[in-house]
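Q: Chains as they are written, first to last, in numbering that gives the first Met the number 0: chain E, 0 to 283; chain A, 0 to 160.
Mixed in with the good hints there might be a few duds.
What the hints assert, rightly or not - To spell it out: a stretch of chain E is covered by chain A in this simulated footprint if at least three of its residues, at any positions, have a beta carbon under 8 angstroms from a beta carbon of chain A; those stretches are:
| hint | region |
| --- | --- |
| 1 | 51–64 |
| 2 | 102–112 |
| 3 | 167–180 |
Stated by the list, open to error - Restraint-style ranges between C-beta atoms, simulated for each label pair:
| hint | chain 1 | residue 1 | chain 2 | residue 2 | range |
| --- | --- | --- | --- | --- | --- |
| 4 | A | 122 | E | 232 | 51 to 59 angstroms |
| 5 | E | 151 | A | 152 | 50 to 58 angstroms |
| 6 | E | 240 | A | 69 | 30 to 38 angstroms |
| 7 | E | 75 | A | 116 | 27 to 35 angstroms |
| 8 | A | 36 | E | 62 | 25 to 33 angstroms |
Derived by calculation from the structure, the hints in this document are not laboratory data. The C-beta atom is built at its ideal place from N, Cα and C for all residues, glycine as well.
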Amino acid sequence: MNGSDRTTKLIYYTPDNVNGLLKTMNTCKSYRLCFDDLNSVDILDKRENATTPTKAIYPGYIQELSALKRSEKFFEIGPELRVNELLKKGATVLPPILIRALTECGPPNVRNILTIGGLICAPKIRNSVFAALSILNAKAEVVSFTTANLKFLIPVQQLYRDGYLDIKPGEMILKIRIPYEEYDVDYFNEIQDKGTSITFVGTASTFKSSISICKFAIGNWGEEIIRETEIESGLAEQKLPIPEKIIEGWTEKFVQLFTEKYTFFSPYVQKALTNMFTEFLSRL
Amino acid sequence: MIIKFMLNNMKKNLDADPSDRLSDVLRNDFGLLSVNSSCNTGRCGGCTVLKDNIPVPACMVRMFSVRNSNILTYEYISTTKEFETITKVLKAMGCNFCDFCKHGKMVSIYSLVLSSAQLTEKDVYEALSGNICNCTDFQSMCIGVRLALNAIKRGKRNERK
Ligand code: FES
Ligand code: FES
Numbered sequence: 000m001n002g003s004d005r006t007t008k009l010i011y012y013t014p015d016n017v018n019g020l021l022k023t024m025n026t027c028k029s030y031r032l033c034f035d036d037l038n039s040v041d042i043l044d045k046r047e048n049a050t051t052p053t054k055a056i057y058p059g060y061i062q063e064l065s066a067l068k069r070s071e072k073f074f075e076i077g078p079e080l081r082v083n084e085l086l087k088k089g090a091t092v093l094p095p096i097l098i099r100a101l102t103e104c105g106p107p108n109v110r111n112i113l114t115i116g117g118l119i120c121a122p123k124i125r126n127s128v129f130a131a132l133s134i135l136n137a138k139a140e141v142v143s144f145t146t147a148n149l150k151f152l153i154p155v156q157q158l159y160r161d162g163y164l165d166i167k168p169g170e171m172i173l174k175i176r177i178p179y180e181e182y183d184v185d186y187f188n189e190i191q192d193k194g195t196s197i198t199f200v201g202t203a204s205t206f207k208s209s210i211s212i213c214k215f216a217i218g219n220w221g222e223e224i225i226r227e228t229e230i231e232s233g234l235a236e237q238k239l240p241i242p243e244k245i246i247e248g249w250t251e252k253f254v255q256l257f258t259e260k261y262t263f264f265s266p267y268v269q270k271a272l273t274n275m276f277t278e279f280l281s282r283l
Numbered sequence: 000m001i002i003k004f005m006l007n008n009m010k011k012n013l014d015a016d017p018s019d020r021l022s023d024v025l026r027n028d029f030g031l032l033s034v035n036s037s038c039n040t041g042r043c044g045g046c047t048v049l050k051d052n053i054p055v056p057a058c059m060v061r062m063f064s065v066r067n068s069n070i071l072t073y074e075y076i077s078t079t080k081e082f083e084t085i086t087k088v089l090k091a092m093g094c095n096f097c098d099f100c101k102h103g104k105m106v107s108i109y110s111l112v113l114s115s116a117q118l119t120e121k122d123v124y125e126a127l128s129g130n131i132c133n134c135t136d137f138q139s140m141c142i143g144v145r146l147a148l149n150a151i152k153r154g155k156r157n158e159r160k
C-alpha cells in the first residue's frame, strides 16, 4: 500500500516483507522510518545533502520483524514486536531487569503500541529499555541493502553517534540479540525531573564471595546512555560484603562524574542518582 | 491514500492522510465522539479503542497502521450484552464515571473482562493504569470489575446449559 500525505508531501510505503522493505529502501536514499507510537526517525543520505525525507516507511506489517526466537546462547527479539506481547511471550525467559524496564515504559494500553525497535530508535523515548539492553550486552543485527544484504552485529550502545542514530540509508535492524546470562543482583530505579525520566539500571554477578561482573547504566531521556566502564571494572574484583568505607570511596568517584562530565544533570538528579548508586552497591 | 479497515465490525474504505491520528479520523470522519482527544500523548486514556481486540490509545495510532485491522469503539461496545452486565454491576458498586473518562475506561474494562479467566486486584489496577482518574474509589471499581467477570462467566455457563 503506497500513498501520499497531502500536507507534508510524504509518500508512504508499508511493505509486507523484508525483501519489499529493502527494495523500497533502495528506491529512496533518504527516508523517514515510522513507528506505531507516533515516533519516527529520519534516515538521511549525507551524499544527497538531504535535510528532510520525502518518503516514509512503516515496517509494522512485516511479520518476520515481530518474532521472538530462542536459541542455545541467546534470544532474538524482532524490532516490531509490541512491548506487551514481548512481556507475555518472554515472561519466563527474559532477564528480570529487562522485564522491569519494559513494564515501566508505559501503561498497558500504551505498551500495546510501543515496539522494541521504536524504543531503541526514537530519540525521545529511548531510556530505561535502552539502558537495560546496554548492560545486558544486547546487539542489533543490521542488514544492509547497499552491501548485498550483508548482515552484521552492532552493540546497541554503538547504534548512536554524537546523539544521532547511526543507521545509514539502506540499513535496517532485523533483530535485537540478547545473550543468556544470569545475574545475582538486579537493580532498577527511576526519577522524574522536568517532565523527563532518568533511569538507573544495574546488574551484578558474584563468584566465591567476590563480585565477578558489575554493570550499570544511566538512561536519560533523549540523551545517550551513560556507562562508566572504569568504575564497573574497578568494582568487578571487589570482595563481598563491601565495607562501608569502600562504598563511600566509590560513591565519591561517582559524584565526581557530575562535576567533570555530566554537568547537565540538576543537583536534584545528581543527588538521586548518587543515592541509587549507593543503594545498588549496598545490595551486592 | 485508501485505507481498508473494519470499524465497529463494518468494512470501511477511507481516503485518509496516512499520518493522521486514528482518534481524529474517528471523530471527524465518522462522528464517533466517544473518542475523547485531550492529551494526545497516550497519558489520559480518554481515547481508548480496541484495535484487533487490544486496548490502545487512538491518539497514538497513525492511520497507516490500521490497514486490515478491526477497530471497536465505545459506540459498538455499549450495544453488547457483556457491557450491560458490567454497567449494572459497576453501578451497584457505586461507580459512576464522568463523561471525561467513561468511554475510555469502559473500553478498557470491557476488554479486560472479556480477555481474562480470573482477575486479581493487581490485574485490574494495572489494566486501568492508563485511564487517568482521581475521583472513583479504586477498591469499589476493582470489586465491581471482578464481580462483572463472574457474572459474565455465569451467564455464559447458563447459556450453554
Ligand atoms: S488523548 Fe489519547 S490518551 Fe489522552
Ligand atoms: S470519574 Fe472520570 S475522571 Fe474520575
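Q: Are the hints correct? Go through all of them and say.
A: Hints, one by one, checked against the model:
1. 51–64: Held - the region 51–64 of chain E has 4 residues with a Cβ nearer than 8 angstroms to chain A, which meets the minimum of three.
2. 102–112: n = 7 at 8 angstroms, threshold three: holds.
3. 167–180: Result for this restraint: violated, n = 0.
4. A:122 <-> E:232: 51 to 59 angstroms: Distance hint for residue 122 of chain A, residue 232 of chain E is violated at roughly 42 angstroms.
5. E:151 <-> A:152: 50 to 58 angstroms: The hint (50 to 58 angstroms, Cβ to Cβ) holds, given that residue 151 of chain E and residue 152 of chain A are roughly 52 angstroms apart.
6. E:240 <-> A:69: 30 to 38 angstroms: violated (57 angstroms)
7. E:75 <-> A:116: 27 to 35 angstroms: Because 31 angstroms falls inside the window, the suggested range holds.
8. A:36 <-> E:62: 25 to 33 angstroms: holds (31 angstroms)
Hint check: violations occur at hints 3, 4 and 6; the rest are consistent with the structure.
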